[in-house]
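J.: Respectively, the protein sequence lines represent chains U and S.
Reading the first sequence from the start, the letters are residues 1 to 179 in my numbering.
Reading the second sequence from the start, the letters are residues 1 to 37 in my numbering.
Calculated directly from the structure, the hints in this document are not laboratory data.
Please note that a few of the clues may not be correct.
Facing chain S, a subset of chain U residues (Cβ under 8 Å, in silico) [stated by the list, open to error]:
no. : residue
1   : G24
2   : V28
3   : S36
4   : G163
Per the computed footprint, the stretches of chain S lying under chain U, defined by three or more beta-carbons under 8 Å from a beta-carbon of chain U, are [stated by the list, open to error]:
no. : region
5   : 3 to 11
6   : 14 to 28
Even glycine gets a Cβ: it sits at the ideal position worked out from N, Cα and C.
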Amino acid sequence: MTVKTFTTEVLTSADTNTYLANSGLVYVTSATVGTSVTSHAVTNCFSATYDNYKITYAAGVGSNPVSIQMILGASVTQYYLGLQYVTYATGLAAAAGANNSATWPYVGEASPNMTSVNIDVFSPFLAKYSTISGSYAGTVGGVVAGYHGVATSYSGFTLSVAGNTMTGGTVTVYGYRKA
Amino acid sequence: MEPLLGTFHDAITGETITRELTAEEVAALPEPTEPLE
Chain U
1 MTVKTFTTEV LTSADTNTYL ANSGLVYVTS ATVGTSVTSH AVTNCFSATY
51 DNYKITYAAG VGSNPVSIQM ILGASVTQYY LGLQYVTYAT GLAAAAGANN
101 SATWPYVGEA SPNMTSVNID VFSPFLAKYS TISGSYAGTV GGVVAGYHGV
151 ATSYSGFTLS VAGNTMTGGT VTVYGYRKA
Chain S
1 MEPLLGTFHD AITGETITRE LTAEEVAALP EPTEPLE
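In isolation and in its complexed conformation, chain U is listed as follows:
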């Protein structure tokens, strides 16, 4: 796509549509999380249209401060993850990890005042290993990355909070435009 620089022109519908369609991050879907739910599943959000995606979950609350976990499709094996984080009060760094886990365990957090998921997912629809990277904002602040060691195509994902619940807020999926 040729990049135009507009100065004082009146934008045509053609130009406007071209730039809307060629934005880098394209909205795929979103939904409000229910009341006091343990999990939130999104199906048919990954497709051949995009290879890579951003998933966010904000403006909800959790019954207790607990990490949000994620799986692709119904797969419950071969999740690997590393989280490096800082405790606010001390500024000290620490880490947590998962090795061949049943989920990606620290993709975000739900707490009584907020929810936070900001994760990029790479290649979930391709029959390849998927990878993730993102941030962790909650009881602590940190960065998270990992992979799923199963070379299978998935069209959706599930967020869940073990032993707790989430209420409200919006889970949104965006696709990274390929070209």
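Using the hints provided, position chain S relative to the given structure of chain U.
T.: Chain S alone, transformed into the frame defined by chain U:
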């Protein structure tokens, strides 16, 4: 024990429902993570 609920959203149809999780879905829920401190 109260039933566990889940939200289910289909990106193609746009439909979103909240319903009780099935026994299989409950069995597939993850274990709690270690608290981050």
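J.: So, for every hint listed, does it hold in this structure?
T.: A quick look at each hint next to the structure:
{"no.": "1", "hint": "G24", "verdict": "violated, 20 Å"}
{"no.": "2", "hint": "V28", "verdict": "holds, 6 Å"}
{"no.": "3", "hint": "S36", "verdict": "holds, 6 Å"}
{"no.": "4", "hint": "G163", "verdict": "holds, 5 Å"}
{"no.": "5", "hint": "3 to 11", "verdict": "holds (count 8)"}
{"no.": "6", "hint": "14 to 28", "verdict": "holds (count 6)"}
Comparing the model with each earlier hint shows a violation of hint 1 alone; every other hint is respected.
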